[in-house]
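Number of protein chains: 2
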Amino acid sequence: MEIEMRIKGLVIDPISKMPIVVLEEIAGDRMLPIWIGVFEANAISLKMENIPTPRPLTHDLIKNVLQKLDAYIEKIVISDVLDNTFYAYIYCHCNKGKIIKIDSRPSDAIALSLRMEAPIYVEEKIVEKAHSLKFDEKLEDSEKLKNWLENLRPEDFGKYKM
Amino acid sequence: MEIEMRIKGLVIDPISKMPIVVLEEIAGDRMLPIWIGVFEANAISLKMENIPTPRPLTHDLIKNVLQKLDAYIEKIVISDVLDNTFYAYIYCHCNKGKIIKIDSRPSDAIALSLRMEAPIYVEEKIVEKAHSLKFDEKLEDSEKLKNWLENLRPEDFGKYKM
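Sequences listed follow chains A and B, in order. Residues 52 to 213 in the working numbering are what the first sequence lists, from first letter to last. Residues 52 to 213 in the working numbering are what the second sequence lists, from first letter to last.
Just chain A, same shape as in the assembly (with noise of 0.2 Å):
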């Protein structure tokens, strides 16, 4: 089963320094982080806060892309973790009336799917193992995480920055 997501915000994981999207269940209250790269979570948190660029980003050509061939994103499914390695596909509507299925990062699934509208979907398996955090086997202080970020406050995911 998919369970609908949207994104709550971007934080920093203290312990890693990496850039964390954090997905929250839009009719439950399970969150999913996902750890992505830096220039990922600047094309994620350029179009949250709506900052305009002189020119086209790398997902901003995507869209052009996929508008100027009729085509156009109808979800993005966040399908699976291995290793601690999120999957995603992207599900493209195209002219012919097919719908197309591309394997993609979920940083640039999500990135995609903020500039074009779409919704984002997780399966429910996913939200399950992130719920109780147990999918980073390797992550020692993962109840410390969990407690971070379920304390989390929505000043915080105003902090982050490049």
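Since the hints were derived computationally from the structure, they do not count as laboratory data. Possibly wrong hints are sitting among the right ones.
Since copy identity is lost for identical chains, a pair holds within one copy or between any two.
Think about it this way: if two alpha-carbon atoms lie no more than 20 Å apart in a straight line, the pair counts; the simulated SDA-like pairs of lysine to any residue are [claimed, not checked]: (1) Lys119 - Lys149; (2) Lys126 - Gly148; (3) Lys152 - Asn115; (4) Lys119 - Cys145; (5) Lys152 - Met99; (6) Lys114 - Pro170; (7) Lys152 - Pro107; (8) Lys180 - Val89; (9) Lys147 - Glu53; (10) Lys152 - Asp121; (11) Lys152 - Pro105; (12) Lys176 - Leu97; (13) Lys114 - Lys149; (14) Lys152 - Arg106; (15) Lys176 - Val132; (16) Lys114 - Asp154; (17) Lys114 - Thr104; (18) Lys119 - Gly88; (19) Lys119 - Asp134.
Position chain B relative to chain A; hints supplied.
Below, chain B without anything else, positioned relative to chain A:
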């Protein structure tokens, strides 16, 4: 007139510390340095060195999107330079036989041309401006930079590292 060029290599500008992608004329000896972002330089570098990545990077995603939509890149054209900003277009051949022209930063267009084996063209006027290296009026050390670029040895281009 459009001049066909190819990538000579990537170097770090000793003054600004920013990556430069250096293009060279195929049928001549003119060069064109284009200052680009670190992320885009990485996308170009990884493909030039054929370094595999476990998951598709953002430019690989664009390639996958185009291929799934039966589109291919006919050519990229670096079309203009205004206030030290380069402009480019990606010419895309879609399945309806139509040619679509997409506005792009040169760095994205080049990263994509490498992945889709598309030729790189530059408007003659830009090659000329770059050849005289007067296009960057703010660059005090333009003469020094010109000499430095002209005296780069093939092995210097291998030194680009993130």
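Hints the structure fails to honour: Result: hints 5, 8, 9, 12, 18 and 19 break, sorted rising.
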